[in-house]
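Chemist: Dock chains B and C against chain A, hints included.
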Amino acid sequence: MSRVLRSFSAELLLVALIVLAAIWSSQLSPYFLDLNNLMNSAAFFVVFGLMAFGLFPVVVQGEIDISLASTLAVASVLFAKLSVAGVPVLVALPVVLAATALLGAVNGVLVAYAGLPSLAVTLGTLGAYRGVAYLLAGDAGVTGLTPEYTFLGLSWVGVVPSTVVLFLIFAVVIGVLMEATRFGRYSYAIGSNPDASRTAAVPVRQTRVIAYAVAGAAAGLAGFVWVNQYQSARGDNADGAILFVLTAVVLGGVSIKGGSGRALGVLLSTLLLATIQTGMKLANVPGTSQTLVIGLLLIASTGGPQLVTLLRSAFGRVRRTSVSTAGG
Amino acid sequence: MTESAFTRRRFIGIAAAAGAAAAAVPLLSACTTTAPGAATAAGSASAGGAKLKVFMAPKFTGLAYFEVARKGGEDAGKELGLDFQYIGSDKAEATEQIATLTNAVAQKPNALVVSAIDGDAVAPALRQARSAGIKVVTYDADAAADARDLFVNQLSYELAAQTMLDAALLNSPEGGLVAFISASPTAPNHTAHVKFMKQNIDTNPKYSKFKYVDTVQFAADDAQKSQDIALNLMQAHPDLKVIISSSAVSAPAAEQAIINAGKGGKVFATGVALPSSVKDFIKSGNSKAFMMWDPAELGYVATVAAAQLAQGKITTDKGTKIDCGKAGTYEVGEAGEVLYNKPLMFTADNIDQYSF
Amino acid sequence: MSEPSVLERLRLSGSGGAALRVRFIGVLAFQVLLIVVFTALNPRFIGWDNAQSILFTAAILAMAAAGQTLVVLTGNLDLSVGSIMGLCAYVVFDVTSQAPWLAGLTVPFAVALGAVLGLANGLLVTYLKIPSMVATLGTLSVYRGLVSFYANAMEVTSGELPQWMRTLATVRWLGLSSYVWIAVLVVVLVGLALSLLPWGRKLYALGSNARAAYYYGLNENGILVGAYVAAGGIAGFVGLLLGAQVGNINSLLASGIEMQVLAAVVIGGVSIWGGSGSVYGAALGAIVLATINNGLVLLGVQEFYRLLIQGLAIVAAVAVDALVQKRVLTATRRRVILEVAA
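Chains as they are written, first to last, in my numbering: chain A, 1 to 328; chain B, 1 to 356; chain C, 1 to 342.
If you're looking for bench data, these hints aren't it; they were derived computationally from the structure.
There is no bait here: all hints are sound.
Computed cross-link-like contacts, PhoX-like style, restricted to lysine-lysine with a CA-CA straight-line distance of at most 25 Å: (1) 342(B) - 321(B); (2) 51(B) - 78(B); (3) 321(B) - 71(B); (4) 326(C) - 257(A); (5) 195(B) - 241(B); (6) 321(B) - 51(B); (7) 195(B) - 81(A); (8) 257(A) - 129(C); (9) 326(B) - 78(B).
Derived coverage of chain C by chain B (criterion: at least 3 residues anywhere in the stretch with Cβ under 8 Å from a Cβ of chain B; other residues may be distant): (10) 52-62; (11) 146-154; (12) 245-253; (13) 285-297.
Pairwise CB distance ranges, derived in the manner of DEER restraints: (14) 323(C) - 9(A): 42 to 48 Å; (15) 265(B) - 24(A): 53 to 59 Å; (16) 205(B) - 112(C): 58 to 64 Å; (17) 192(C) - 173(B): 49 to 55 Å; (18) 192(C) - 113(A): 38 to 44 Å; (19) 316(A) - 216(C): 26 to 32 Å; (20) 300(A) - 78(B): 36 to 42 Å.
Note that the structure is a prediction, hence the values are computed from the model and not measured.
For every residue, glycine included, the Cβ atom is placed at its ideal position computed from N, Cα and C.
Bound conformation, chain A alone (with noise of 0.2 Å):
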C-alpha cells in the first residue's frame, strides 16, 4: 500500500492542492461553489488542456514544443475560413487536423532525423506557423461561422459543456496511448536515455515525429474546440498560451528532462490551475497577483522537494554532529 502511495506521491501532492485551492477559493469568492459556473469556467481551460496532452508526450520523450499556441492559430483560421467557404465540418475536422499534424511532424523530422535542438527548431516554427496564420487570415478576423462549426461551443452533457467531455476523451487516450501501448513504453525509454534506447532498437526517430504529429493534431483540436466556444479566428489566437500549456505539464509532474510523468498528473494539474485562476478571477484579484501567484506556485511545486531534502540533511547533520560530539 504505502508503495503505491509512494509512486503517486505526485499526484496526491496535486489532489491535496486542489483541494486547498478549492476551500481557499470558496473563501476567496461566495459565487465558486456553483456547479454551472464551475463548468463553463472548466470549459474556458479545454483549449489549454488540449494542448497540454499533446505537449505531455513529446515532454516525456525529452523534448519540448513551444510552437503549439501558433499550430492552435492555424487550426482555428482554416476552420473559420472552411466554415465560412461552406465545406461541412466532418470533412473540414480531418483535413485540418491531418494538416496541423503534418505541421507538428515538420518540427519532428527536424528534431529526430536532423537531429536539431527541439527547443531552437520549435522557437522557429512559432514564429513562422504565426506567420502563417495571420496569411490565411488576412487583415481582420474571420466570423460568421456556420452553426455546425460552433456547435460544440454551445451544447451541454448534463450540466457538462460539450468541450470539457471532448477533452476528458482526448485526455484518456493520451494516457492509454502512453500507458498501454509500445509508443508509451517506447516514449519513457527515449526520455531516459535515448542512446540506450536506440541500441535496444528502439524506434528512436519514428517515435519522435508520432509525438510531434499528436502534439500538433492536439493543437489542431483545440483550435477546433477555439472556433466552437469563440465562434471566430484571428492570427493571434491563442499568442502566449504556451507559458500556461507548459506550466500544466510541469506542475502535472512531467520532468523536463524527460524519462517520467503521468496522464493523471497532467489532468490533475490543469484541474488545479483551473480552480486557482477561476477562484481569482472570481474574487477579482487583480492581474498583477494573478501572474505572480502561478509563478510561484511553479516555483514552489517543481523546488520544493529538493528544498525539503536540503533543509532535512541540514538539520540531520546538526543533530548527528551533536550525537557525535555527546557520545565523544
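Modeler: Same frame as chain A, but now just chains B and C:
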C-alpha cells in the same frame, strides 16, 4: 521497468479506455443545447435598495490609459453609489479577458463596462452575460454589435482620422509623406483609422498636401518595437515627414526615436498619446501636436450609461438621450453606438492643463 | 553518435575552436547574403546611414544576447531576461526620479538589482535543482508581477529621467550612436571574460559535459550561479539603456523580448545544448535580426512575412550548426586517432 509493470499498465489503460467509451455513448445521447441554469437573471436592479454592481474590464490592466479611464468609472461609481469594481488580467491576451468576463458573469453584476481586446472572441462570453440579464456597455474598443447593448465610442473613426491628420498638419504645415504604425492587423479601430486617413488624403482637399506609405507597420503596443520601426521607416523613406499611430504607446515612442536619431523638428510622430507622455516633446519644441480624448470622462460616461441601462432609466433605441450630468448629454445612434466625440488636441498652449 | 570527451570538447570550444570559426563565418555569410539581397531589391538599403540605423537597433538585443550566451553556454536558459530588464528599468528610474541626488548611481543600482534577480535564478537552478527552463519561466512571471505591482499602472515619463540618460541615446561618438559603442564594449568584455578567465573555460566545460566536469572537480554550482548573476547584471544594465532610449516607461517594458534574445543567440551559433558558441556570434545574430527587420520595412513588406522569415532563419541556423558540428567532430576524432596511432 519490468514486463509485469507493462502488463499492469496496459490493463489499466484498456480498462480506462473501455470505461470512457462506455460512458461516452449515453452521455452523447443526452447532449443538449440549452445552457443549464442560463435562465437565472441577475438580481433585478430597479427594485431599489441594493447597490448596483458595475464591473469595468479594460483590455488588460497596467496601462496608464486604462487606469485614467478607471478613475472616471470610479468617480461615476461614487456619485451614483455603485458597487464599482475594476477587473482584468495584466496579460494582453484574448483568452485572459474571456476568462475574466466568464467569471464576472458568475458574480451576477448588473452591468459590465468592457474594452474588448478581440471583439469577436469575447462576444460569446458577453452574449452569455446579456442572456443572464447583465447589461453590457463597451468603451474604447467595441465587441460584435449583438454582444453588447451600447458602445460608447470615444471618437467616430472618421473624426479620429481627421483629428490625427489635423495634428499632422500642425506638425508639418507643408504636408509631405506620412507613414502609419498600428498595434496589430487585428485591432479593428486602428485598421479603420488608417483606412479613413488614407481616404481623406486621397479625396479631402484639406489634406491633399500629404502623401502616404501604403504598407502599415505593426508594433503590438510595444515601445521598443515602435522605435525600431520608426527608425527603419525613416531609412526607407528619406522624405518622410510624419509618422501617425493610433497606439498611445507607439506615438510617443516613435517621437522619441526621431529625437534619438537627431531628426527632432524635421520628422514628426503624432497620433494618440497621453498628454503626460508627450509633454516634454511639445515643450522642447520637437513636436507641435498630439491628440486624444479625455479617457477619464469616457470611462465616466460609459459607467453612467451602464448604470442607467441597468436601472431601466434608458433604452438602447436610437435617439435615446443619456444624461451624464457634468459630462454632458449623449444620444444613442445607429446600432447602439453612442458617440462621445470630444477630441482633444494637445499643443504648447494647452498641454499644461491636462493632468493625465 | 557517441559523446566526445570533455577534453575533446574543450579543444573544440572556446575562441580557438575550428567549429566556432566555421560557424561564425557561416553567420557572416548569411549577413552578407541578406545585404546583397536587400540591396538588389532596394538600393537605398546600402549606405552608411542605414548601417548606423541597423547597428543602433541591434545594440540592445546584442547586449541582452551576450548575457544570455553566458547561461546558454552552460546548457541552461534564462527566460526571465525581459522581466529583469523591465523591472530594473522601471524601479531604478522611478527611484531616481523621486530622489534626483541618486542620479549618478543609476548604473550600479541597475546592475546590482539585476544581479540579485539573476542570483535568485541561479540558486533555483542549482540548489533547488529546478530545470532552468522551468525555474526561469516561473521567475519570468514573478519578476514581471513584481514590477507591475510596484508600478501600479503608472508611467515614468521621459522628463523624469536623469538628464544624462535622457540624452544618451542621441549622443554620437565617431559617427556611431553611443549605444553601439556601449554594446561593443559589453560584448568584448564578456568575450574576454570567457576566453581569458578560468571561469570562462569552466563555463564551456560545464556546458559540454556536466558530469565529467563534476568528476574533474569543477564547482558546478558556483560556476552556474556566477553565469546567472552575470547575465542578470547585464540584463539590468541593458534594461536601463532600453528605458533611456524609449523615454516613457511602464511595467510592460521589454516583455516578450526573451524570444528575440534566444533567436539572436541561436542564429549566432551558440548551441542550445551548451558548450559551444561565442558571444561575438550571438552579437552577430542580433545584427542579422535587426537587418531582417530593417530590410523588410525598406521593402514595404508586412509583419507576417517577418515572422515567417525570422522563423525560417532560426531553423536554418541550427541546421547549419548540426552539419558543422558533425563534420568537425568526425575530423577531430580522426585526428585524435592519428595522434594516438603515431
